[in-house]
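Trainee: Sequence:
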Amino acid sequence: MTIEDTIYQYYEAMLQGQMEKSQELLDWDNKEASLIDYYANIRKLHKEYHLVSLEDLEIMTLFEKDGIGNADVKMTYLDKNGIERIEINKVNFRVDSKDTWKITSIKIE
212 MTIEDTIYQY YEAMLQGQME KSQELLDWDN KEASLIDYYA NIRKLHKEYH LVSLEDLEIM
272 TLFEKDGIGN ADVKMTYLDK NGIERIEINK VNFRVDSKDT WKITSIKIE
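Residue numbers (the working numbering): 212 to 320.
It is possible that part of the hints are untrue.
[Unchecked claim] Here are the simulated DSBU-like pairs of lysine-lysine, each with C-alpha atoms no more than 30 Å apart in a straight line:
| hint | residue 1 | residue 2 |
| --- | --- | --- |
| 1 | Lys276 | Lys258 |
| 2 | Lys232 | Lys318 |
| 3 | Lys255 | Lys309 |
| 4 | Lys232 | Lys285 |
To be clear, the hints were calculated from the coordinates, so they are not data collected in a lab. Note that the structure is a prediction, hence the values are computed from the model and not measured.
Produce the entire structure from the sequences given, and follow the hints as far as they go.
Mentor: Set out below in structure tokens:
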């Protein structure tokens, strides 16, 4: 599975409320970012802007070398008034012992 596959599968599972499936793609490193803060920020953004749908998910940049990678993921939402809201996620990865890409942290910009 490529980094791109991991990104799309993670966000698809998370946005569909399949938390168990999304957690399988994580190997979270609390030194990089707090998982609690990440989920708290997601809830805060959704409540603040009353987001109703994800319109687009775009991998803007992607870097991988020697089993470590990072990507900037742009998410475009629509709020209840039809206004586009953009969220940028800084996503870090590493290859685990099974040679699978796992997400180690996500920071919302």
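Trainee: Now look at each hint and say whether the structure bears it out.
Mentor: Right, here's what the structure says about each hint:
For the suggested pair lysine 276 and lysine 258, the alpha carbons sit about 37 Å apart, so the restraint of at most 30 Å is broken. With a C-alpha separation of about 20 Å, the suggested pairing of lysine 232 with lysine 318 holds against the 30 Å cut-off. With a C-alpha separation of about 35 Å, the suggested pair lysine 255 and lysine 309 falls outside the 30 Å cut-off, and the hint is violated. A C-alpha spacing of about 22 Å is found between lysine 232 and lysine 285, which places the hinted pair at or below 30 Å, so the restraint holds.
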